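First residue of the sequence shown? That's 17 in our numbering, and the numbers climb one at a time after it.
Calculated directly from the structure, the hints in this document are not laboratory data. Don't take each hint at face value.
[As the list claims (entries may be wrong)] DMTMM-like mimics (lysine to aspartate or glutamate), calculated; alpha carbons at most 25 Å apart, straight line:
id: 1; residue 1: 105; residue 2: 90
id: 2; residue 1: 81; residue 2: 23
id: 3; residue 1: 105; residue 2: 117
id: 4; residue 1: 81; residue 2: 54
id: 5; residue 1: 81; residue 2: 52
id: 6; residue 1: 105; residue 2: 77
id: 7; residue 1: 81; residue 2: 61
id: 8; residue 1: 105; residue 2: 30
id: 9; residue 1: 105; residue 2: 61
id: 10; residue 1: 105; residue 2: 35
id: 11; residue 1: 105; residue 2: 73
id: 12; residue 1: 105; residue 2: 67
id: 13; residue 1: 118; residue 2: 129
id: 14; residue 1: 105; residue 2: 54
id: 15; residue 1: 81; residue 2: 35
id: 16; residue 1: 105; residue 2: 124
id: 17; residue 1: 118; residue 2: 54
These numbers come from a predicted model, not from an experiment.
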Amino acid sequence: SWEGNRDVGSGRMDLTVHEAGRVTHHLTFSEPFPAEADAHFLWSEVDGGLEVTWTYDAENDFLAKTMSLFMDMDSLLGPDYERGLARLKNNVETDARVRREKERRAAERAAAEAPGAGG
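Whole structure, please, built from the sequences with the hints as guidance.
Structural data, given as structure tokens:
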């Protein structure tokens, strides 16, 4: 759960799906107005890399539909999505580098300890 300033309001996020290629969180917003939504992270291997898609699904009541006439949600949320995906990319790439380095060191130790390694 979170409680923030007027820009982020308050609410709760629950993990509802965690499976290969997909994570879904159910969001329950309390402030600045009550709302519910599902955020989905979908990923798949593409050309030797990983493609991640982050989507957000919500039912729009009359108030939300009226607000959407005057507010561009892509411009409001888009920068946060881009920043979040950039951070995710950095974290995944850093973790992959660390894991590869650990695997390389373990392979070197195993080779040095193998019978006949000449050590």
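Okay, the hints, checked on the actual structure:
For the suggested pair residue 105 and residue 90, the alpha carbons sit about 21 Å apart, so the restraint of at most 25 Å is met. For the given pair, residue 81 sits about 20 Å from residue 23 by alpha-carbon distance, which is consistent with the 25 Å threshold. At roughly 18 Å between alpha-carbon atoms, residue 105 and residue 117 fall within 25 Å of each other, so this suggested pair holds. Between residue 81 and residue 54 the alpha-carbon distance is near 18 Å, which keeps this suggested pair within the 25 Å criterion.
With a CA separation close to 14 Å, the supplied pair residue 81 and residue 52 stays within the 25 Å bound. Our distance criterion of 25 Å between C-alpha atoms is broken by residue 105 and residue 77, whose separation comes to about 34 Å. Pair hint residue 81 plus residue 61 does not hold up; C-alpha atoms about 36 Å apart against a cutoff of 25 Å. The hinted pair formed by residue 105 and residue 30 meets the criterion: a straight-line CA distance of about 23 Å does not exceed 25 Å.
Distance hint between residue 105 and residue 61 is fulfilled; the C-alpha atoms sit about 14 Å from each other, no more than 25 Å. For the given pair, residue 105 sits about 19 Å from residue 35 by alpha-carbon distance, which is consistent with the 25 Å threshold. For the hint pairing residue 105 with residue 73, the CA-to-CA distance comes to about 23 Å; that is within 25 Å, so the pair holds. The straight-line distance between the Cα atoms of residue 105 and residue 67 is roughly 10 Å, inside the 25 Å bound, and the hint therefore holds.
For the proposed pair residue 118 and residue 129, the alpha carbon gap of about 16 Å is at most 25 Å, so the pair holds. Between residue 105 and residue 54 the alpha-carbon distance is near 21 Å, which keeps this suggested pair within the 25 Å criterion. With a CA separation close to 32 Å, the supplied pair residue 81 and residue 35 exceeds the 25 Å bound. For the hint linking residue 105 to residue 124, the alpha-carbon distance of about 29 Å lies beyond 25 Å, and the restraint is violated.
Restraint check for residue 118 and residue 54: not satisfied, since their Cα atoms lie roughly 36 Å apart, outside the 25 Å limit.
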